[in-house]
Structure formats: C-alpha cells, structure tokens
Amino acid sequence: MMVSKSSDSASKLRKSHAEQASDEFGNLTQKIQQLKKQIQADRVLSIREKLEENRKKLEGHVSLLVSGAFSRNSISVVEANSQGEMLSSRIENPFCKINGFAQGSGDKEQINIQEVLFSTSAKLPYIEKIPPYTTWIFLDRNQRMAEDQSVVGRRRIYYDPHGSEALICSDSEEEIAEPEEEKHEFSEGEDRILWMTFKEYGLNEEVLNIISQYIGGTTSEIQERCYMLKEKNQEKHDQDFNGDEENGSEKNNLLERSLSAALDSFDNLFCRRCLVFDCRLHGCSQSPIYSNEKHSYSSESDEDGKPCSDQCYLRLKFVQDLPESSVVNTLHRPESKSSDEAVRTPVLPSSEEAGDVMHYEMGKRKVQKCTNTEPDSLVLASDDVQGSSKKQKSLSAQKTDSMVCEGFLNVDSSSNTEVGDIEFETGYKNELLMPNKDAEHLLYESASDKFRCPVDVPRPGLEDRVIYEAKGISHGTEVPVLKESTNFVEGQVEAVLNNSEWKPFEKELYLKGIEMFGRNSCLIARNLLSGLKTCIEVSSYMYNDSAALPCGAIDLPSSFSEDNNKVDAEFMERETPTRSRLIRRRGRTRKLKYSWKSAGHPSMWKRIAGGKNQSCKQYKPCGCQPMCGKQCPCLHNGTCCEKYCGCSKSCKNRFRGCHCAKSQCRSRQCPCFAAGRECDPDVCRNCWVSCGDGSLGEPPRQGDGQCGNMRLLLRQQQRILLAKSEVAGWGAFLKNPVNKNDYLGEYTGELISHREADKRGKIYDRANSSFLFDLNDQYVLDAYRKGDKLKFANHSSNPNCYAKVMLVAGDHRVGIFAKEHIEASEELFYDYRYGPDQAPAWARKPEDSKRDDSSISQGRAKKHQSH
Amino acid sequence: MAKMAGLGCEPVVGSLAPSKKREYRVTNRLQEGKRPIYAVVFNFVDSRYFNVFATVGGNRVTVYQCLEGGVIAVLQSYIDEDKDESFYTVSWACNIDGTPFLVAGGINGIIRVIDAGNEKIHKSFVGHGDSINEIRTQALKPSLVVSASKDESVRLWNVHTGICILIFAGAGGHRNEVLSVDFHPSDMYRIASCGMDNTVKIWSMKEFWTYVEKSFTWTDLPSKFPTKYVQFPTFIASVHSNYVDCNRWLGDFLLSKSVDNEIVLWEPKMKEQSPGEGSVDILQKYPVPECDIWFIKFSCDFHFNAAAIGNREGKIYVWELQSSPPVLIARLSHIQSKSPIRQTAMSFDGSTILSCCEDGTIWRWDTVATS
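In order, the protein sequence lines correspond to chains A and B.
Quick note: the first sequence uses numbering that gives the first Met the number 0, first residue 0, plus one each step.
Quick note: the second sequence uses numbering that gives the first Met the number 0, first residue 0, plus one each step.
It is possible that part of the hints are untrue.
[What the hints assert, rightly or not] From the derived model, a few chain B residues whose C-beta atoms are all more than 10 Å from chain A: (1) 28; (2) 270; (3) 283; (4) 310; (5) 333.
[As the list claims (entries may be wrong)] Below are the BS3-like pairs computed for lysine-lysine, each with C-alpha atoms no more than 27 Å apart in a straight line: (6) A:128 x B:223; (7) A:55 x A:30; (8) A:55 x B:223.
[What the hints assert, rightly or not] Short derived list, chain B residues pointing at chain A, Cβ under 10 Å: (9) 22; (10) 207; (11) 211; (12) 215; (13) 222; (14) 225; (15) 242; (16) 322; (17) 326; (18) 327.
Derived from the structure by calculation, the hints contain no laboratory data.
Please read all numbers here as calculations on a predicted model, not as lab measurements.
Yeah, the Cβ is synthetic: ideal placement off N, Cα and C, and Gly gets one too.
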C-alpha cells in the first residue's frame, strides 16, 4: 500500500519511534472506538428527535381527521331520515349477536367456535369480468428502453399460484455472471472518523488498516476518501474567506461560457433524425453526423447587394468608395436596434420616399405556403411597399430565409420598375457588390433538404421560375438611396474596428456563422449575433480575421472539416462487430420472414439476393467523409447508407430510392418495396405527397400515380378496436372493411436488446403472454407495457393479416397489413411465426408441432366450418 | 434509491421483550365459513361507526359491530353472485353526503362499491386488468379511494361519481403486482405503493389535482372522463429485497414490510431539485418473528400510536410505533390460534384488536385493565 509522503501530518507522525508509534496506534483504536460510540449515540438521539418531531406533526393531522370523522356524523344527522340510515338502524336491530367472554380467555383456555349464521342483506349482481391484462401505455411510435427499465441482472421472485406461499427465485444462470465488486459508500459518521484520524495521525499503512477494520472498505478506498475530504474541507475553508467575491461575475455568465457549452443540450438532446429534443427512439448523445453535402457559399449574392440594415457593412464600403471621404466618420448609429426577432431591413429606392426605412418582419416565419408562386401577391406586395412602410407579412412567408430574401428582392425590383429610376446607380452597384461575392445563405437550403416535411416536396419549375424572375428583374436595382441614408447613419468606424470587445462566446458564434452562411456579415449579424454585434462590426472583424489567417477563409473553415474527420475516426473505432444472434432464447417472439428475394436498386441486388434469410440489420448513420470507403460502418454492418449518413449523395452504398412513375410503388417492381422499405420523399424521385385542393397550383392529392408505399410514414392507418377475442383473451378488431394488402397499423413497443428480451421472455412465458417481436439484429420490440392496440391481435396459422418489418426513414418498424379482404368488425389474426420450439401449447398441433396450421382449437367461425 | 448504510446510519431495533404495558385477552372468536378471510377493517371514517368493522372472505362482505363484553353483532352481509369471486380487500368510504360505503375488491378485478346506508350495490368498477390486492380510502376526502392491482397499476377512483381519475403506471410504474397502497395522512397529493417488484414508490398527484376536482362535478358518463396516466413516481425506494406486501405512512415516514420478519420505519429523503433521486434512511425496525410469508398486513389505531401484526403461527405483535426505541406493547397468543393471520384491525383507541385468519376465523382481543 502506498504511503503518502507528502502529507504533513503523516511525516510528523513518522518521526516518532516504533514503540511510540504502536503506543499511539493503540491510542488511535481507542479514539476510534470512542468516536464510534459517540456517533452511534448521536444517531440514536437524532432518530429519537426525528420521531418526536414527526409525532407532533402527525398529532395535528390526526386531530383534523378526528374532527372530519365527527363532522360526517353531524351532516347525516341533520338530514336524518330513513334514507341512507340502514347501517344505523341495523345497529339498533342486528341480525344476531354473538356473545363473547366478558372476562377474556387466557391463552390456554379452550374456547368454542361460534359459526356465524348469515342472512344476506343484499346480493351483488353478477358482472362479467374482463380478460386479464397488464396496464399498458399507448405508444404511437417505438421507444428505446430507458436504462432503468432493464430486468437484466435483477432478481425476480415468483410464487406458486397453487401452492400459495412457495416463493421461487428466478433461475440464476445470468445473474451469477455479474458479481460486481461493491464499492464502499462512506456514511457521514465514517467520514467523521476518517477526518479525525487523518488530522491527528495522518495516513500510513497502519492507520489505514486500523480504519479499514473499524469501518470497512479497502485501504485504497479509505485513502481516496481522505483526500476527497481534505479537498472538501479546504474548499469550505476557502469559501469562508472568498465568499463574496464570486457574486458579481454571474451576470456575464452566459456570454463568458463557451459556445460548445451553451450548445451542449442541443448537441446532446436534439435528435437530428426526428427533429425533436429528447427523442425517445434514437436516444440522446447521438454522435453528430455532419453532412458532406455542404452547399457552396459563392452563389449569386449579387442581387442581394444592398445593405441589410442601416449598420450594414455595405454602407461602410459605399462610403469608403465615395470621393467625399468626410462621411466615413459619420457612419454609425451608436445603438443597434435589431434586438428582437424583427430584423430591420433596408431602405427602398423610391425617390419620393427616399430614406424611408422599411421593416420586414422576418423572424416570425409565418409560413404561408406558395406565396412565391403567386404573381398577384407580388404585385400586391409592391403596392404595399409603395403606399407605406407596412409590415410585409405576405413576404415573410417563405419557408427559408433564403427564400425570404428572394421574395424580398422581387418587391424591390417591382417597386423600382414603378419608380423607373433604375439606371441611376448601376455602375455603383457593380463596384459595391464586388466585396460581397462570397457568402450567401445557401446552407438553409441544404438544411431544408433534410428537414423538409413531406408537404413541401419539390415542386420543380415553380420555384425556379420565381427565382429567375427575381433575378431577372433585380438587375440594377440596388442602392440608389444609399447616399441619402448615409446622411443619418452615424457612428464611429474606429469603435467598430475594435476587436477587443469580442467575447469568446461571440467569436464562436461568429465562427458558426461562417460555417453556416459563409462570409456574409449581414446574415451572420442578423441570425447569430443579433443584439450583440452589428453587421459592420462583424464585417470588420471578418476583415481582420481573414487578414490574420494565411489564406482567406472563403470556403469551409478548415477546422470544421478536420472535426469531421476526427468524428469519422472515432465513429469507426467505436463500431463493434455485430454480435451474432443468440439462439438460446427461450422467450417466444414473433418472427418474420424477410423478403430479400426480389431485385432492388442495382447496387443493392447482391445484398438483397445474398441475404435471403438473414434478419434485418439495425441502421446507424455513418459519418464517412467525403466518400464511404471499405471502413464505412454501414458497409461493414451490411446496411445501406441513408440520407442521415454524412457521406455524399453519390456514395455507392447509398440506397437511392425509386424512380417509379405509375406503379404506386406497391409491387416488387419498386426497388424500395422489394427491399422492404418505404419510399422516402427525400430520396425517391417521384414519391411525394401534398395537401390542399389544387387551387394554389400544387399537384393534386392522392390519386393515380401517387406513391402507395409511405403508409407507415404518413400513418395512413385503420381504426383498430379492442374487444374480447373470440379465441383467447383480448383481440384486435377492424372498424371498417379493407382490401388485400391494405395497411392496418403499426405494431409499436419498447425497443429492447436481445439480451433483455431473453430475460423478459422467461418472465412472460411464466405468465403465458408475450408481446415480444423480433425487429432486427439489434432490437426486439416489447409491447408488454408500452404499445398500441395491435399488440392484442392473436396468433393464427390461417391468418387474415401479416406483419412486415419495413425500413422507414432509417428505422425498422412493424406494419400490420391485410392478407385478404377483411370485413368491418372482424377480428385480426396474423402468424406470429414462432420458432419451431417456441410456440406455446395452444398454438401447436398436438401431434405435429412443425406444421401448426390448425393451431387454434376453437378457431374463428369461418375456419371452424371448413374443418 | 438505495438505503443509506454504514456507521451513523444504523436503525434502532426494538426489543422483543414484552413491556407488559397493556394486556389483551381473547373475548370472542367467530367462524365465518371455510374460506380464508383476507381483510378486516374498522370504520374510521364516521365517528358513529367507530366500533363497526367489515370483513371479506370468499365472495362475501360482512359488517359487524363490537359491543361491550366481547359481544359481536352481525349487521349486514353481502354476497357476490359470482361464486368464484374471492375478495382480498375492503375499505370504508362514504358518499359526499356522508352515507357509509364499503369498497371491496378481489380476484375478479372488479371493485364493488356497496352502499351500506341503503344495503345495496352502489357501483361496480370494471377496469383493472387483474386481481385487486388492496383498497384504501383518503381520510380527508373519503369519496376517494385507491386500489392496488396485479395488473401493475394503482388507480384512483371517485366512489361518488364512479370515475377512474388517475392511473399510476407506465414508464416509472411497478414492474410486477402491486400489493399495497396508502394515502399520506395530511398531504392529499401523496400516496405510497409497494409490491412484488420489491420497491416502494411514492407518487404525487399534485399536477393532476384538477382532474381530481373535476371528478366531483362530472355529469357525463364516467367512461368519458379523461383519465390520466401518472407514469413517474417522485421517489422509488429499494428498502427490501423481496415482495413488499404492506406499506403505511407514519407522518412523513413510511412503515413497510417484506417477508423478513420485521416492519421497517424509514424516511424518504428526496432531493427537491431532482425528482427521482434521493436516499432512504432506515430509522427503526420492529421485529415480528415467524412472519416470513407474504400477504400479511399490519394495521394501526386511529392515532398511529400502535401497530398490530399477525404472523404465520397465529400470534399477534403489538408495537408502540412512535417511541424510540420501539416498545413491544404486547404479544398475543392463544393455544387455538395457529392459522396464519392475514390482517389485523385496531380499534379507534387501540383497545380492541381483531385478527382474521387463513382458516376463516375472526378473533377479538380486548385490553384488560392491568393493576
């Protein structure tokens, strides 16, 4: 055992001679004994005090209860009549009285048993009881099991329902495997002893051993604890002195924190696949995957080359370019007004209203779809612009900021045309816009690629047309009013150029901005540093920043891509080889045959053909940059790359969706369908949905040629009813008639590991009801305590439904489909596909367990007749 | 939440040496048939009926009265037409106008609300998915009852309107049969439940209280009431390592028992900021020899001064609850009482103790004046 040589008190101790030491240790044990007794006595005392305190409180409560009990008396006395007084009247006239032994009987005296002769006051009418079930929670989508819900490693005790009292502990083959070394938890009392000894004797082997004898725990644990206590006491000591100093700094806390810390909850809790916080399906702390497909920032920002606000860097440039450099000093207004979401947007070039500042409300993002397809609305809007500086809600209606900007341009141009004052500053404009060549807001578009809800599936043509229009008209529109506006722009450039005020937090935000928007100070200031920095400040910081950098950070900041590579590497390392399925499972699970037979997308043929009987593999997005190589975890795992992967869209391992035009994707000709996948509007070329009645020019609703392979995604399910089954227990029934292959609903549940399922399966088998469903190589669905009504659909070997695992947006989900035409209010059955030895007795034919085609003895009415 | 252990966390264990503080003698013994009697309970809801008690056994609910001199009067008897019903539990409740109710439940999972004031069935609650192991009444609002069931849920009912208000189950709920449940004596929002998953869970219905209030004024069909799930308890305690078959509040502390021959008094130490975290401080232990089978419940007198519990061999231990160290008030035994005692009932002042046994007998014990 290590002896701490640095400890002062210990060294003091070591100086003493051997006998002295043993003497002192004897002293020590005595002291420890004493302290121990003291602590125990204290404990007894404190319990007594606690109980006394509790007793006093309870006394008060009880007196309340007493008065309650007595008040009920008076209430009913007031309305005393024959009604509701049967109990009182029975007290007057009981059925019978059974005499006791007034003196009481001693423990050895024999006493007679007195039978009670009953005359029944009332019968409780028969009520049919409902089939048994365990209380369950409705789930509309699968959930991953929370850690604390695991039954693995927990002892389970059963009782024999017939022998009433026999308690049987669960078989312990796996329980034994986890005899985790228990760590000693130090109680407050033990800490006291430790601290006392440490202070007076220091820490050496002998001392440690003595302590260990008295309070348990290993010597190393004790040592560690001592240092912890020492630190704690030190801190306490320090705090007593410096208690007041720390108060002031709290205010700037937010700005002092680093961005990564501020984004911590976002990074950890936001699910990038479901776009929700605290996703119960994919869990928190997912390793972020960065998309390889960054849009370049060098797009045509030219047309937007007008100042974003009166503190836009463009004004600075403009003024600098002006021959009269006198204006330079009066560039700024001291305060930045863009504090809330509403962002100030610039001056419009109409000569009558020169210098009039328009306010565009962009922050609120009231999404009114399709405004950009409506030429009328543009005209309207420009009218508004002409009339007054109204808030332009119709214009802020676009889905993404980039769209907003474009729409906004339209207005500019139309109002310009009306004013007819375009030529004026064309020359200027070109010059002005030169520095603004880089960045422009296109990341939002890439984001919208991913985040698009099924509703705004591409409407090719329309968008383009509008954009084109915007570009077309906006030639030569900009900036004529700048001269006027500069007149009221005040401020000092020097202040602006002063970088020292930038807090680390702001700097990080700025870097994020570069990442997102490129070198566009307008967008960065507006979206990320609103209320903190103005556009000019950002711009000048950017100028200095890029001067400091060896090469201009025009493209992706290099640090960013490095990060990605790092993530990749980590990702690969973490990837563990897939565990082979354990076959020792005893729990019954519903199994499925997976359909890999038909050909899918060319690149997938091999895999689909080769993996005939293999179970589905759990998909986990890869972060390969820029292309998936041999190390790609998806490739290793045998899954396709999906839209959530970081790799590029041209990745060879990507599933590219289908191009089906008229087949509705309902047959094996559709590669998605053949591969057991639902179509994905983000991936497939012609699969999409829309809403509305067509009056706004959007494509018509569901009809011919529309994809019919997105039914889980869109939850196009049938109404399922829950009722007593005709076969056993509860059953699921259909409300309305359906046709063959119609989708009925999803079988939802808790996602648990196979190991967990093995353990739970054993428990469920005892109760003879299992809701386990093999999902893929990694997960089993358990609908026992969380699920939906379809969990009650019973097994039949001649079923009217079938279950199919579908890959929906990267997740495996179980859909229940009609195997044939089903009439309204019929009970639903499907084949659980038990493994050969897994079927419960009732689902097995007595003589033939493998071909269990008449498994259900009672059967459904129809089936009964045919046999 | 684990127990606190180590030096300075030891519980105070009561001594089994009887204090002879009080002496009880058998004053009556009834045979109610051959089927086990699982529950016996005094009426603490209405002062007029403090000496009235009810028992359940088989498909029968019976109401008795304790009279002077060991006399027991039979007042009412109700029989379920379903012979297979086996009631496990019964509790006194009342209508909002004060009419006494009996609420019973058992193997069928149907809660029977009997209007004892009019000697007829008031309502039957069908909803639990399996047998009902215990029903308790909220003393401050005696039309509210909670039921603990084999279906792994605890449910809160309004017996006046027949509404299932809340279901305590789901993500954080019990993982096996719930065996016992109890209302906090003063905090109306709080209940504690325990069961075969070896845990005791404390639940709060504070956030759901509007539903409780709504249940009193509900005029539509009870089935249309928006019953809510309470999925997460505020506290989970692992005090025992086996079935926990009875728990009762003692002020802010909890009494609970498993099959370990003892009742344990402990303090749930919650952390205000983070619900679901905390620790258990075991304060006292009340030994009960030969009490190692499950489904043996204890009872307290109205003032929580004493608790009585039977054991496997038909003996009863009466503990003084609130003294430290605990004092064994009396140990009751009789040569003919050999059958396991499933439940006891202490009268308002603790002067009478009733016990009901596996063999279908009911015993009455009264204090005798000690000189």
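Tested hints:
{"no.": "1", "hint": "28", "verdict": "violated (6 Å)"}
{"no.": "2", "hint": "270", "verdict": "holds (16 Å)"}
{"no.": "3", "hint": "283", "verdict": "violated (7 Å)"}
{"no.": "4", "hint": "310", "verdict": "holds (13 Å)"}
{"no.": "5", "hint": "333", "verdict": "violated (5 Å)"}
{"no.": "6", "hint": "A:128 x B:223", "verdict": "holds (20 Å)"}
{"no.": "7", "hint": "A:55 x A:30", "verdict": "violated (37 Å)"}
{"no.": "8", "hint": "A:55 x B:223", "verdict": "violated (43 Å)"}
{"no.": "9", "hint": "22", "verdict": "holds (9 Å)"}
{"no.": "10", "hint": "207", "verdict": "violated (16 Å)"}
{"no.": "11", "hint": "211", "verdict": "violated (17 Å)"}
{"no.": "12", "hint": "215", "verdict": "violated (16 Å)"}
{"no.": "13", "hint": "222", "verdict": "violated (13 Å)"}
{"no.": "14", "hint": "225", "verdict": "violated (14 Å)"}
{"no.": "15", "hint": "242", "verdict": "holds (6 Å)"}
{"no.": "16", "hint": "322", "verdict": "holds (8 Å)"}
{"no.": "17", "hint": "326", "verdict": "violated (12 Å)"}
{"no.": "18", "hint": "327", "verdict": "violated (16 Å)"}
The structure shown violates the earlier hints numbered 1, 3, 5, 7, 8, 10, 11, 12, 13, 14, 17, 18.
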